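Enquirer: Sequence lines, in order, name chains A and B.
Okay, so the first sequence: first residue is 1 according to the numbering used here, each after it adds one.
Okay, so the second sequence: first residue is 146 according to the numbering used here, each after it adds one.
No lab work stands behind these hints: they were computed from the structure.
The structure displayed is predicted, hence computed values, not measured ones.
Even glycine gets a Cβ: it sits at the ideal position worked out from N, Cα and C.
Be a bit skeptical, because a hint or two may be false.
[What the hints assert, rightly or not] Stretches of chain B that chain A covers, calculated by requiring three or more beta carbons in the stretch to come under 8 Å of a beta carbon on chain A:
# : region
1 : 187 to 194
2 : 239 to 249
3 : 268 to 282
[Stated by the list, open to error] Distance windows between CB atoms, simulated:
#  : chain 1 : residue 1 : chain 2 : residue 2 : range
4  : A       : Gln101    : B       : Arg260    : 33 to 41 Å
5  : B       : Lys241    : A       : Gln101    : 38 to 46 Å
6  : B       : Arg268    : A       : Ala53     : 17 to 25 Å
7  : A       : Lys31     : B       : Lys284    : 51 to 59 Å
8  : B       : Glu171    : A       : Gln101    : 34 to 42 Å
9  : A       : Leu28     : B       : Ser189    : 33 to 41 Å
10 : B       : Gly275    : A       : Leu26     : 35 to 43 Å
11 : A       : Leu26     : B       : Pro199    : 47 to 55 Å
12 : B       : Arg255    : A       : Gln101    : 30 to 38 Å
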Amino acid sequence: MEDANKPKKRTFRTFHYRGIELDKLLDLSQKELIQLFSARQRRKFKRGIDKRAKNLLKKLRKAKKECEFGEKPKPVLTHLRDMTIIPEMVGSIVGVHNGKQYTNVEIKPEMIGYYLGEFSITYKHTRHGKPGIGATHSSRFIPLK
Amino acid sequence: MSLRIIDQNEFQHILRILNTNVDGKEKITIALTAIKGIGKRMASVICKQANVDPSKRAGELSTEDINNIVHIMNAPAQFKIPHWFLNRRKDIKEGKNLHVIANQLDSYLREDLERMKKIRLHRGLRHHWGLRVRGQHTKTTGRRGRTVGVAKKKGA
Numbered sequence: 001m002e003d004a005n006k007p008k009k010r011t012f013r014t015f016h017y018r019g020i021e022l023d024k025l026l027d028l029s030q031k032e033l034i035q036l037f038s039a040r041q042r043r044k045f046k047r048g049i050d051k052r053a054k055n056l057l058k059k060l061r062k063a064k065k066e067c068e069f070g071e072k073p074k075p076v077l078t079h080l081r082d083m084t085i086i087p088e089m090v091g092s093i094v095g096v097h098n099g100k101q102y103t104n105v106e107i108k109p110e111m112i113g114y115y116l117g118e119f120s121i122t123y124k125h126t127r128h129g130k131p132g133i134g135a136t137h138s139s140r141f142i143p144l145k
Numbered sequence: 146m147s148l149r150i151i152d153q154n155e156f157q158h159i160l161r162i163l164n165t166n167v168d169g170k171e172k173i174t175i176a177l178t179a180i181k182g183i184g185k186r187m188a189s190v191i192c193k194q195a196n197v198d199p200s201k202r203a204g205e206l207s208t209e210d211i212n213n214i215v216h217i218m219n220a221p222a223q224f225k226i227p228h229w230f231l232n233r234r235k236d237i238k239e240g241k242n243l244h245v246i247a248n249q250l251d252s253y254l255r256e257d258l259e260r261m262k263k264i265r266l267h268r269g270l271r272h273h274w275g276l277r278v279r280g281q282h283t284k285t286t287g288r289r290g291r292t293v294g295v296a297k298k299k300g301a
């Protein structure tokens, strides 16, 4: 990429969420942050976050603090697929339940505003094999031989 | 409908606006809809702001009229077009209210899909697999692209 104006730093562009950079996002109060989100997330925060979500945030903070510098924090397991990703969570590793197992998702800044569950797919993508006999109406009476 | 005598030499049969071919024979508001990102409503608002007579045909417009129109299309907010009229509001990267047209539209769409795929969003995966994204049932619908069939046993 070009970036002739930023030769000293790395070559990628800094991340912006709706025009605001990550450091400033972390400084915003919850009220201001919500204004950036889309309608559904705004509604969710307006209606309140319950205790379990607050617990999750606490655990994430703790895992981040305890990890050494340069290493990834320990994965925090959760069933809360409906938790919206906030700037505070960026960098953590969350094990999101998909009904059966926990999918480790490393939270990147591009994921802000989406649900945790959207990153942990709940089904196995079907690759169909050849259709069997009787799958279509026309193939039902062929196989006498 | 009044008859108007038009100078045949100055009438342009195909205009080229914003990398799209615009048909000159149609009325200006309808002709502008040929541009991706401009629909009937947007076109009529643009014509109003540009002070262009909407009953004219697109080929009759002078070049400065057309430049005016393009100017408005590129910066609708400056010309008092309200933000709820625009098609890309609160852009996820820049937070501005944009109205994307023509090639820009295509590139923004591609960027959106790429972004979703990159972060492995479920929506992005569905796009990548060519399946329905918005939660529709796919067992029996959407067959146009995909064929279901049983292979006939080879010769008896």
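Enquirer: Against this structure, judge whether each hint is valid.
Expert: Taking the hints in turn, this is what the structure says about them:
With 0 residues bearing a CB less than 8 Å from a CB of chain A, the region 187 to 194 of chain B misses the requirement of three and the coverage assertion fails. Given as covered by chain A, the region 239 to 249 of chain B passes the check, having 3 residues with a CB less than 8 Å from a CB of that chain where 3 are the minimum. Given a C-beta distance limit of less than 8 Å, the hint that chain A covers the region 268 to 282 of chain B holds, as 3 residues qualify and 3 suffice. The supplied range of 33 to 41 Å is broken by A:Gln101 and B:Arg260, whose beta-carbon atoms lie about 26 Å from each other.
Between B:Lys241 and A:Gln101, the C-beta spacing of about 41 Å keeps the proposed range 38 to 46 Å intact. Here the CB-CB span from B:Arg268 to A:Ala53 is close to 23 Å, well matched to the stated 17 to 25 Å. Between A:Lys31 and B:Lys284 the beta carbon distance is about 44 Å. The supplied range of 51 to 59 Å is therefore violated. As the Cβ distance of B:Glu171 to A:Gln101 is approximately 58 Å, the hint placing it in 34 to 42 Å is violated.
Separation of A:Leu28 from B:Ser189 is about 40 Å and conforms to the stated range, judged on CB atoms against 33 to 41 Å. Roughly 38 Å separates the CB atoms of B:Gly275 and A:Leu26, a value that falls within the hinted 35 to 43 Å. Roughly 50 Å separates the CB atoms of A:Leu26 and B:Pro199, a value that falls within the hinted 47 to 55 Å. Range check, B:Arg255 to A:Gln101: about 33 Å between beta-carbon atoms, so the 30 to 38 Å window is met.
Comparing the model with each numbered hint stated earlier shows that hints 1, 4, 7, 8 do not hold.
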